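The listed protein sequences derive, respectively, from chains Z and E. In this text, residue positions in the first sequence follow our numbering: the first is 77, and each later residue adds one. In this text, residue positions in the second sequence follow our numbering: the first is 77, and each later residue adds one.
In short, the hints are calculated from the structure, not lab data. Among the clues, some could well be false.
Unchecked claim - Chain Z regions said to be covered by chain E (calculated; three or more residues, Cβ under 8 Å):
#, segment
1, 152-166
2, 179-193
3, 226-239
4, 393-399
5, 405-415
Only a predicted model underlies this, so the values are computations on that prediction, with no experimental measurement involved. Just so you know, even glycine gets a beta-carbon here, dropped at the ideal spot from N, CA and C.
Number of protein chains: 2
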Amino acid sequence: MQYAWWSHGGNELSTGEKSGTSGTQLKTNVQTQLTSSLSKRSLAIHNMQTAADKYAVKAHKNLWTETNHSGNIVMTLAENRNFNERFAQRLGECAIWTKPILEDLHYNHPIGVQPVREAIARHVNQYVFKMGKFPVEANQIVTGNGVLAVLENLIYAVADADDGILVIAPFWHGFVPIITGRMGVNIIVVKTDPSTYWWPSKNALDEALREANRSGIKCTALMVCNPSNPLGKVFSEQQMLSTIRWATSRGFHFISDEIYAATVFDDTVPFVSAWDVASEHLSPQQQHLVHVLWGPSKDFGVPGLRMGAILTKNPQVLNVEAGASVFTMTSTPMQRAIAEILSDSTFVADFMRKTITHLKQSCDSFTSELRRHGINYIAPSAGLFVVIDLRSLLPSRPTFDDEFDLYKKLCDAGVVITPGNDCHTPEPGLFRVCPFGLPETCYSLLSGRIADLHADLTS
Amino acid sequence: MQYAWWSHGGNELSTGEKSGTSGTQLKTNVQTQLTSSLSKRSLAIHNMQTAADKYAVKAHKNLWTETNHSGNIVMTLAENRNFNERFAQRLGECAIWTKPILEDLHYNHPIGVQPVREAIARHVNQYVFKMGKFPVEANQIVTGNGVLAVLENLIYAVADADDGILVIAPFWHGFVPIITGRMGVNIIVVKTDPSTYWWPSKNALDEALREANRSGIKCTALMVCNPSNPLGKVFSEQQMLSTIRWATSRGFHFISDEIYAATVFDDTVPFVSAWDVASEHLSPQQQHLVHVLWGPSKDFGVPGLRMGAILTKNPQVLNVEAGASVFTMTSTPMQRAIAEILSDSTFVADFMRKTITHLKQSCDSFTSELRRHGINYIAPSAGLFVVIDLRSLLPSRPTFDDEFDLYKKLCDAGVVITPGNDCHTPEPGLFRVCPFGLPETCYSLLSGRIADLHADLTS
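The following block holds chain Z by itself, in its conformation from the complex (with noise of 0.2 Å):
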C-alpha cells in the first residue's frame, strides 16, 4: 500500500516479533531520541509522514481480501495490477535469463546500458511523443531505479537547497518527501480549480511566484504530472504551451511527469507531451529548459522492476546526471529484460490495449457503483485514480480539519483513500481513490461503506 510503502516502513522493520514494542511507540523513543545522534536532515525523512498517514497505520493491519470481506479497503496506491501475470511470464522468458551476457555482472555507465535507453526512446516516441515529429534518442536519456529515484536526481540538478520549485496543484503527495525532505527545496504550490479546468491562468503563476519571491525564495523550476494525480485529467496542448512558455521565458526548468501518459482511456482531450509542444514552439535554447519523466511503473503495472528515465535536450542536465547516477543504477540483467520486453513490438502493442480497455471498463463500473450510492465525482479520462468529493459531508465553511475528521471516519469505517489536503486541493472535501489495485467486487463495497457514513452523518 502507498502509505504502508513510502511511510510506515519504519514500524515495519522496528517493530518485528523481537522488538515486542508497538509502532507508536517506537516512533516516540525515535523522536526523542533524534536529535542526539542522527543528522538534523535526517528528521525530514520522519516529518514527512502526514496525519493521514499515522491514523492509517491501524487500518492497515487488517485488510480486504477476498476471504475477508470486512476489512479495509485500502485504495492509496496507483497500482494497476491486473495484467501482473502476463507481465511475469514475458519477463521470465526473456533471453537474458537463459543467455546470459557477462558484461552485464560488471560495473556499467550508470545512465543505464544502450540498449534500455535505445528501448525506451522507441518506446517513447511511439507511446508518449505521439506527434512522431521530434523523436527523443537515446543519446538524451538518463535512466535510474524509479521515476522517484531519477527525480531525485533531476531536482539536485536544477535547484540548490532553499530554492523553490513550483508545482501545480494538487499533487501528488509523494513529491513532498523528495523535493523537501531529500533535497531541502521548497514546494511552491501553484492553485487551481475547476474554474480554469484545474490549469493555473496567467495570474495564478505570477502569484505564486511573487509570494515566492516575497519570502526570499529563488525559483528555479515549474513542475506537472500530465496526465494529472490526482485529477486522472489530461491538459491540452493549447494550456502546456502557455505555461511553459511562463516558465522558461522567465529562465526556469519546466518538469513533466508523463507517468501516465500511456493510461489515456478517454482521448477526448487527447495527450500531448511537453517534449512536443517544446520540440513545436520553443526555441533551441528554451528546449533545453524541459525535461519529461516517464518509466514503465504505471503503464505496465510493475513499480517492483525499478525503471524509470530522464528525458532532456540539456547537454548541461544530461552531463549531471551521468553523474549522479552512479546512485540509481538499475541491476544491469533487469535493464537487459525490460529492454527487450520494451522492444517486443506484439507484446507491448497487446498489453497496452489490453490495459488501456480494462481501464475504461473498470474506471465505467467504479464510476457506476459511485453514481448508484449517489458519490459525485471528477471524471477522470487517465490514470489510475478517481477523485470523489465528499464535500456534502462536511459542515458548511468546511475546513481541512473538518476533512480530517471525516478522513478518520472513513478509516474507522474501512474506507482508505487520501485526503485532498494531502495532495494540496482548493478546497476540502475531495479524496483521491485508487480502485485499479484491487478486483471490481469492492467497488461496490467501497461506495456502499460510503454511502453508509453518508446516511450516518445527517440522519
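With chain Z's structure known, arrange chain E on it following the hints.
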C-alpha cells in the same frame, strides 16, 4: 573501467557521433554555462573528476585485449571477473524467472524484501561475522542498489552538510564524490603510514580531530574500509577495537566498509568484523554507533546487479534508512534471485573457495612478475588490488606533482593505474593496481612496461 565508469560518463553521453565535439571542448562549454541555469551543488559532480581521471580519457580509447596486445592496460577497476560465467549461469537458473512471484512487480518495502534480508543475514553471519557469537538479524539490515548508494543514505543519516567525517587513509577515491560531492560533508583525512602498520595511532586520530575543530568542522563519524582498499591489508581485532573505542567514546558513529571481507586470501591476520568487535566489547548504547556495509559485488564479481546493505543495531538509523531507501531500491525480482543464490550453500561455498584460491594464485603470479621486474610492492592479504612502490622512479624529495608527472608517463607507456595522491597516501610514489579483472597474460606485460619506463628514466 572505474575511472570511465565514475568520471567520464558525461563524455560518453554527450560526445556521441552527433555532437562532433571532443570531451575536452564539451567539458569547457559545460563549465562555462553551468552556473547560469543549473544548481550550484550539481557542479560538485563535475569538480570531482580528478586530474588523473581527465588524463586517462585518451588511454581508454585504445585498450589492451587478447587481440590488441599493444593496447593500454587499464588496472584501475577493483573487479573480479574470473567466475562471471558460473555466476551468470546460476542467475539464469533462479526459480524466480520461471515461477514468478507477482508481488515482486508491485511496490515493495524500500529496505528490501524479507527473503533477501534473511539471506544476507545468513551469508554475512557465515562469511563476514566469523565469530558466530553475535549474528546479525534480518531486521537489522537495510538493502539498496549497491554499497555506494546505501553509503550515501548512511552519510545522510549521520552527518549534515558541512559536518565532517574522519576517514582512515589511504582510502578509495570514490568516497570523495559520495561523501563530499553529493552529501556536502567534509572528509577529514586520518593519516597512517607503515610505521604504525597503516593504522592510525591515537595521536593521529586526535590530531585529525583537532584540525577539523580548528576549521570549525563538527565531526560526527569515523570511517574505515577493512580489508583496506587500496592496501589489501586486514586490520587486527586490537587495532579495530582501540579505534572503535576512540570513536564511540566521543559519540561518533563508526562506519566499517567490509565489502572485501570475503576476499581474504592470506589469513595471517584474521579478519574480524567491526560488528563482532563492537558486540564483544562495547555497551549496547555504543554498539548503536557502529554500522557495517556489505554487498556481493566484490566476493561474487557482480557490481552490475546493484545490491548493497547497511547492517546496524541502531533503531534510529534503521528508521531513517527505511524512509531514505525509497531512492535506492533494487529491482525486486533481482532481490529475490540474489536471495536464492546466497541461500544455495553448495554454490556459495564452492564459489567462495574457488575465488579465494584463484585470488591467491593470481596475487602470487602478479607479485612474482613484479619481483622479476624489480618492482617493489606492499604485499596484500585480501582485496582485488596491489599497491606498488614506484618511489625509485621519482626525483629525490618528491612531491605529488612529481607523482602526477610519473602517472602521465605511465599512461603514455600503456599503464593506467591509480596514483596514490587520489587515495591520500602518506607520500608520493605509491600506486594502486587492480590486476584481477584482466587475464594473467597481462601481468608480465604490465610489469615489463613499468620496468622499461624505469630503465628509460634512469638511463
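Verification of the supplied hints:
1. 152-166: holds (count 8)
2. 179-193: holds (count 9)
3. 226-239: holds (count 8)
4. 393-399: holds (count 6)
5. 405-415: holds (count 6)
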